[in-house]
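Protein chains in written order, with my numbering: chain A, 1 to 502; chain B, 1 to 502.
Where hints are given, some of them may not hold.
Once the Cα atoms are required to be at most 30 Å apart in a straight line, the calculated DSBU-like pairs of lysine-lysine come out as [claimed, not checked]:
hint : chain 1 : residue 1 : chain 2 : residue 2
1    : A       : Lys111    : B       : Lys253
2    : A       : Lys253    : A       : Lys429
3    : B       : Lys111    : A       : Lys253
4    : B       : Lys253    : B       : Lys429
What the hints contain is simulated information worked out from the structure, not anything from laboratory work. Computed from a predicted model, the values in this text were never measured in an experiment.
Protein chains: 2
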Amino acid sequence: MPRRPALPLWSSLALDRSAAASLQDQIVRYFRDAVLSGRLKGGARVPSSRVLAADHDVARITVVEAYDRLVAEGFLTSRPGSGLFVAATEGEPKVRLVAGTSRHQRKRMPKLRRNEQVFLVPERPLGLLPLSPGVPALDHFPWRDWTRITARLLRERPAHAMGYGDPRGDCGLRQAIAEYLGQARGIACTADQVIVVAGSQQGIDLTARVVAAPGAEAWVEDPGYPAARAALASAGLGIVPVPVGAEGLDAVKGAETAPRARLVLVSPSHQYPLGATMSLRRRLALLDWAERADAWILEDDYDGEYRYGGRPLAPLHTLDRGNRVLYLGTFSKVLAPGLRLGYLVVPEAAIAHFAQLKAMTDRHAPGLDQRIVARFLAEGRLAAHLRRMRVLYAGRRAALVQALRREADDFLAVDDDAGAGLNLVARLKLRADDVAASRHALERQVHAAALSPYYVGRPRERGFVLGFAGTPEDRIAPAVRILAAAIADQRPPRSRGRVQTG
Amino acid sequence: MPRRPALPLWSSLALDRSAAASLQDQIVRYFRDAVLSGRLKGGARVPSSRVLAADHDVARITVVEAYDRLVAEGFLTSRPGSGLFVAATEGEPKVRLVAGTSRHQRKRMPKLRRNEQVFLVPERPLGLLPLSPGVPALDHFPWRDWTRITARLLRERPAHAMGYGDPRGDCGLRQAIAEYLGQARGIACTADQVIVVAGSQQGIDLTARVVAAPGAEAWVEDPGYPAARAALASAGLGIVPVPVGAEGLDAVKGAETAPRARLVLVSPSHQYPLGATMSLRRRLALLDWAERADAWILEDDYDGEYRYGGRPLAPLHTLDRGNRVLYLGTFSKVLAPGLRLGYLVVPEAAIAHFAQLKAMTDRHAPGLDQRIVARFLAEGRLAAHLRRMRVLYAGRRAALVQALRREADDFLAVDDDAGAGLNLVARLKLRADDVAASRHALERQVHAAALSPYYVGRPRERGFVLGFAGTPEDRIAPAVRILAAAIADQRPPRSRGRVQTG
Chain A
1 MPRRPALPLW SSLALDRSAA ASLQDQIVRY FRDAVLSGRL KGGARVPSSR
51 VLAADHDVAR ITVVEAYDRL VAEGFLTSRP GSGLFVAATE GEPKVRLVAG
101 TSRHQRKRMP KLRRNEQVFL VPERPLGLLP LSPGVPALDH FPWRDWTRIT
151 ARLLRERPAH AMGYGDPRGD CGLRQAIAEY LGQARGIACT ADQVIVVAGS
201 QQGIDLTARV VAAPGAEAWV EDPGYPAARA ALASAGLGIV PVPVGAEGLD
251 AVKGAETAPR ARLVLVSPSH QYPLGATMSL RRRLALLDWA ERADAWILED
301 DYDGEYRYGG RPLAPLHTLD RGNRVLYLGT FSKVLAPGLR LGYLVVPEAA
351 IAHFAQLKAM TDRHAPGLDQ RIVARFLAEG RLAAHLRRMR VLYAGRRAAL
401 VQALRREADD FLAVDDDAGA GLNLVARLKL RADDVAASRH ALERQVHAAA
451 LSPYYVGRPR ERGFVLGFAG TPEDRIAPAV RILAAAIADQ RPPRSRGRVQ
501 TG
Chain B
1 MPRRPALPLW SSLALDRSAA ASLQDQIVRY FRDAVLSGRL KGGARVPSSR
51 VLAADHDVAR ITVVEAYDRL VAEGFLTSRP GSGLFVAATE GEPKVRLVAG
101 TSRHQRKRMP KLRRNEQVFL VPERPLGLLP LSPGVPALDH FPWRDWTRIT
151 ARLLRERPAH AMGYGDPRGD CGLRQAIAEY LGQARGIACT ADQVIVVAGS
201 QQGIDLTARV VAAPGAEAWV EDPGYPAARA ALASAGLGIV PVPVGAEGLD
251 AVKGAETAPR ARLVLVSPSH QYPLGATMSL RRRLALLDWA ERADAWILED
301 DYDGEYRYGG RPLAPLHTLD RGNRVLYLGT FSKVLAPGLR LGYLVVPEAA
351 IAHFAQLKAM TDRHAPGLDQ RIVARFLAEG RLAAHLRRMR VLYAGRRAAL
401 VQALRREADD FLAVDDDAGA GLNLVARLKL RADDVAASRH ALERQVHAAA
451 LSPYYVGRPR ERGFVLGFAG TPEDRIAPAV RILAAAIADQ RPPRSRGRVQ
501 TG
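Let the sequences and hints guide you as you build the complete structure.
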């Protein structure tokens with residue numbers, strides 16, 4: 001491919017190799033400023049990574065990674081086959097992956113299985129944007145400990161960590177998890193009962209495929225977690241939405257609708273997304289039904305470590321006398337989602353079944369990563385990190401609540417409790433399209449997840465699921481202002497000018 | 001739990017904190033010597049990690065990891081609920097995971113889905129044993145480059161690598177893979193067509209679930225790869241074995257048996273396990289049938305980088321005009337299985353389907369690992385590593401062939417070709433039970449995989465799939481001797497004493 005002559009604009013990118021900031025950071029900053037200042041307009045094409053790298057004498061991977069970050073942050077957008085462009089600031093950002101291509105090519109490719117698109121994969125990762133739910137403080141990832149532990153492990157040149165391993169996971173990690181669960185969550189289990197999985201998502205996927213055959217029914221919380229429903233659906237299970245109230249999932253309603261369901265997926269510590277803690281009586285009711293129906297319960301305790309007030313209830317797993325609760329935990333919220341590590345605690349007699357399916361889907365979790373986490377746990381670093389994060393998150397939550405009351409009190413209501421986890425729900429006080437407002441906010445680089453898509457059918461409420469844990473305090477109020485403006489723009493025009501009566 | 005008094009034997013474990021060897025290594029060596037010398041007998045119980053750690057004032061995780069290695073190497077064996085014991089040297093080692101427990105507990109647990117146990121998960125990882133097939137030289141893993149790249153990445157504190165990412169994988173890695181495939185394998189694809197998966201195993205699992213619905217049929221090579229069949233079966237596909245000859249899979253035979261299969265799984269570069277390279281005419285015949293049947297082909301090119309002579313054929317993917325070949329590659333054989341990283345190249349119109357299912361099963365591959373591999377590729381380190389490994393493996397292969405001719409010529413025949421990949425097949429020249437011989441060799445810490453289980457039905461041949469790449473040269477001949485002895489012991493007694501006739 002012939003080299004394109006450098007466009008005049010790019011000659012203003014001057015990399016300073018003596019600066020403290022890395023070359024990659026300088027490239028990111030350059031494009032970010034150019035877009036924000038308007039020097040680069042939406043839709044403008046940026047040079048290919050190869051050209052930019054050649055023109056500025058840097059490694060191509062440096063440019064590729066810089067572009068990758070700019071795409072993640074929303075400044076650039078990729079059009080497969082065409083290249084990278086400055087993201088447009090008007091119109092709806094696409095939230096589905098582009099699935100089509102030339103009709104000619106589509107005709108020649110064999111048919112694919114019909115896919116129930118119940119889970120929309122965003123075109124770009126949104127987790128770095130302010131208010132993104134379910135993301136821990138990535139700016140406070142424990143780099144120092146992580147780096148030290150990693151370096152020491154690599155110095156040992158652990159060949160045994162690089163080969164094919166046990167499908168249940170590294171023995172040291174399973175042991176550390178069992179001990180952690182015993183101390184931190186009151187769960188009594190052996191290391192053998194622990195299956196290391198690739199995050200909660202895989203825990204749900206494996207469970208659906210181990211405990212039930214296609215066609216069986218599964219209760220899900222409504223509103224609930226769309227990605228979980230998608231995993232159950234892709235395993236061929238029938239999704240039965242069961243309403244969630246202030247006390248959590250109501251097993252009585254579930255039993256009326258689908259008394260012979262095989263599986264229930266619940267988040268009793270901190271219901272996702274509404275935040276309720278499942279009351280003791282609802283827990284006992286659920287266990288009672290499951291016993292009579294001979295059904296399984298998958299307890300998704302994704303962020304049970306974070307409570308900012310009030311007494312935590314022990315996991316549902318601790319109340320189970322019938323070996324029917326599968327306990328699912330993850331390191332995504334207490335460490336980082338990018339690690340892709342979680343764990344399932346299963347009854348002894350089910351170990352072989354889960355290990356077998358885990359082996360058949362992807363063999364086992366990565367060897368080095370498991371050992372790093374095991375040592376991190378064994379050194380007590382997780383407990384220390386959690387203590388710091390609880391303080392940080394409580395502060396960020398308070399800042400979010402305050403910002404909502406100051407900037408969005410006309411539109412949004414927040415529950416007056418101490419809170420838990422990484423997110424809170426802000427309900428709309430008046431009529432507005434939360435999905436449209438969410439899209440609008442996304443164009444302005446704020447990820448305020450609309451509440452309605454969390455419902456299986458017609459939403460009973462509208463609002464937003466707002467993450468505070470992953471958002472630095474100084475970015476919270478500006479983000480809330482953007483959200484408030486986005487809501488205001490979605491309201492029916494007639495009501496905007498309404499004269500206040502009475 | 002009260003502390004047990006230290007048994008007299010353990011007082012001979014004297015850890016030297018000033019020694020070069022790590023404490024973990026010293027513990028491993030101590031137990032290994034004690035077992036090999038007979039001081040510790042089969043069945044003897046070893047102290048719990050907690051007790052040993054307390055008695056010798058080391059961190060418990062150090063003991064746990066040492067025990068883990070000893071289990072992996074076969075010196076210790078774990079009995080859930082009872083502890084760790086010295087492995088017995090007589091009797092059959094169990095090759096199924098222990099599935100049962102007290103009948104009482106089994107009665108109370110809800111039913112699990114009926115599992116077709118077509119893939120036996122070994123009780124312990126066997127990959128560190130001599131002759132273990134499919135394992136690269138873990139003793140030559142490129143630690144120096146890996147450590148340097150990892151350290152540099154961690155110094156940057158890459159928060160963007162720690163959040164939820166693109167289900168297709170890190171952009172930089174996909175780009176690096178696309179470039180690598182273009183240069184090394186002649187495959188033309190864009191970065192967008194690359195899906196980063198958790199090893200070949202996940203590539204097969206995802207493909208089975210994306211391209212076909214339960215009940216559809218899939219051709220598999222016979223003999224073929226049991227773990228692959230298991231993944232297809234667990235997705236509900238019907239397994240249709242198609243015989244493999246000297247030219248590879250015969251599409252004519254497949255079409256006679258199952259003309260409307262939806263998917264074919266082939267390893268055309270280096271058939272696993274028999275080693276044949278699929279001839280050009282068989283490739284064209286397969287593509288021709290797939291076009292008429294509108295079927296998909298999954299090309300498993302797991303070790304196509306390794307050839308020790310002869311001209312390699314370009315991947316089947318390069319002959320495909322109908323967008324029906326899915327190309328599967330992996331870093332397991334060129335770097336290490338423990339990384340759990342591989343890639344699928346899919347047609348543009350299928351990207352969204354694969355990305356969707358990947359997102360639903362486990363979201364995406366780990367962020368840090370992907371970036372490390374991307375940089376490793378971008379720096380040209382993989383190409384350099386492969387060059388070194390080709391030389392090393394050619395030497396180890398020659399040593400294995402020589403040892404087989406010297407020590408096992410009565411029993412085993414090896415093809416007289418230059419070879420490829422990480423393994424070779426040694427066929428039995430006379431009647432013997434290869435499965436029993438394999439078990440016998442395993443008791444003596446040699447992993448000579450029997451050939452018959454690779455067949456779907458009744459085996460047409462018996463022998464062994466022997467890995468040379470992962471076995472240091474000085475351990476090859478001793479391992480072959482053990483295998484020869486194991487075979488001799490499996491032969492019918494009458495033939496052992498047979499007098500040689502004219």
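Discussion item. Hints numbered earlier in the text: which of these fail when held up against the supplied structure?
Written reply: No hint contradicted; all consistent.
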